[in-house]
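Trainee: Residues per chain, in single letters:
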Amino acid sequence: MGCRNGGDARATFLAIVSFKGERDAILKARFEVSSQIEKQIREIVTATGEVPSFGVGDRVRVMTRSPVGHYRVPTYLRGRTGVVDAVIEPVAMDNEEEAYGRNAGSRRHYYRIAVPMTSIWPDYAGSPRDDLRIEVFETWLERI
Amino acid sequence: MSQHDHGHPHAEIGHSERPGYYDIMETAVRELLIERRLLGADEIRRQIEVLDSRTPALGAKVVARAWVDPAFRARLLANGRTACEELGITFYDDTQLIVLENTDTVHNLIVCTLCSCYPRPVLGLPPDWYKLKPYRARAVSEPRVVLAEFGTHIPDNIEVRVSDSTAFVRYLVLPKRPDGTDDYSEEQLAALVTRDAMIGVIPVSIGSSQ
Chain A
0 MGCRNGGDAR
10 ATFLAIVSFK
20 GERDAILKAR
30 FEVSSQIEKQ
40 IREIVTATGE
50 VPSFGVGDRV
60 RVMTRSPVGH
70 YRVPTYLRGR
80 TGVVDAVIEP
90 VAMDNEEEAY
100 GRNAGSRRHY
110 YRIAVPMTSI
120 WPDYAGSPRD
130 DLRIEVFETW
140 LERI
Chain B
0 MSQHDHGHPH
10 AEIGHSERPG
20 YYDIMETAVR
30 ELLIERRLLG
40 ADEIRRQIEV
50 LDSRTPALGA
60 KVVARAWVDP
70 AFRARLLANG
80 RTACEELGIT
90 FYDDTQLIVL
100 ENTDTVHNLI
110 VCTLCSCYPR
120 PVLGLPPDWY
130 KLKPYRARAV
140 SEPRVVLAEF
150 GTHIPDNIEV
160 RVSDSTAFVR
170 YLVLPKRPDG
180 TDDYSEEQLA
190 ALVTRDAMIG
200 VIPVSIGSSQ
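Residue numbers (numbering that gives the first Met the number 0), protein chains in the order written: chain A, 0 to 143; chain B, 0 to 209.
A few chain B residues that face chain A, going by a derived Cβ cut-off under 8 Å, partial list only:
#: 1; residue: Q95
#: 2; residue: V139
#: 3; residue: E141
#: 4; residue: R143
#: 5; residue: E158
#: 6; residue: V159
#: 7; residue: R160
#: 8; residue: S162
#: 9; residue: D163
#: 10; residue: A166
#: 11; residue: F167
Sample of chain B residues at the chain A side, in silico, Cβ under 7 Å:
#: 12; residue: T112
#: 13; residue: S140
#: 14; residue: D155
#: 15; residue: V161
#: 16; residue: T165
#: 17; residue: V168
Estimated spans, in silico, between C-beta atoms of each pair:
#: 18; chain 1: B; residue 1: K132; chain 2: A; residue 2: T63; range: 15 to 25 Å
#: 19; chain 1: A; residue 1: E42; chain 2: B; residue 2: S115; range: 39 to 49 Å
#: 20; chain 1: B; residue 1: E185; chain 2: A; residue 2: S33; range: 39 to 49 Å
Treat the hints as calculated values from the structure; they're not laboratory data. All of these numbers come straight from a predicted model, not from anything done at the bench. Glycine included, every Cβ here is placed at the ideal spot set by N, Cα and C.
Use the sequences and the hints to build the structure in full.
Mentor: Structure (structure tokens):
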């Protein structure tokens, strides 16, 4: 936009001021809306199992139980303690429930846990640095 | 012996043994699924073709790309499945893939103690020894002895990290790139990478090839 004389310059100036005012009002409204959304997001209620119960570095114990049916936690790990190395995404079906056709609402996280070999096998002959990594379903882990 | 004649003698190719318990069960379940129209014979044949099309050459391509392309390597270690999909290697099932990098301080070994979980989309069918109980039991209880039997001796200051694949996550070992391969092309590197190296029982060496 060009300003060839004083009248045009005044009009342009007023236009800019009014545009700035409008813009500020719009930005302010947007901010209010977005902070309201932020608040709503903060207050979201998640479904059971949607958010992982454990985080990286958490110490966990593999439960000692022997359910009837299909399950995937090897017996050699029952009762062993480990540290969460990674949270596996996305959430997965609980295969023990799935085996009975119960699928709805049974999605939770798997956790990759690190367990020292020397804590699994008392007579472990390798290096004390050696460890085992395995994905265990949330329902098999308890926090320690 | 067979009655036919095509220039060389051989025993008749065929099954003479009676089918075993699981053979009969498989046939019965398959026939029932087809009869009830839950599966078609074409779908079963198609899935066999899918499995047959997967070989360790795919995994070798992934490894070689990771060696020559640091950005791809980073993406591969962050999400094995999506990085493989970038190269056109599809995952026909719901499995995820964690790629385990061998370094100067960690040597990775993979096993499935419960059955024979294996990164089939990138490696194809597992070798028989991988599915048998001696390997499955011993890989988690005396991994260094098992490795030594494959001729792989890991010094005590290097951690042996065994990943037991029992859920929906599969593993692929990213072996160390051998010394003396600086001037190798990506294709030449891929030719060095063997199935066993991607399971973690041996390293990749210049002498090895598929």
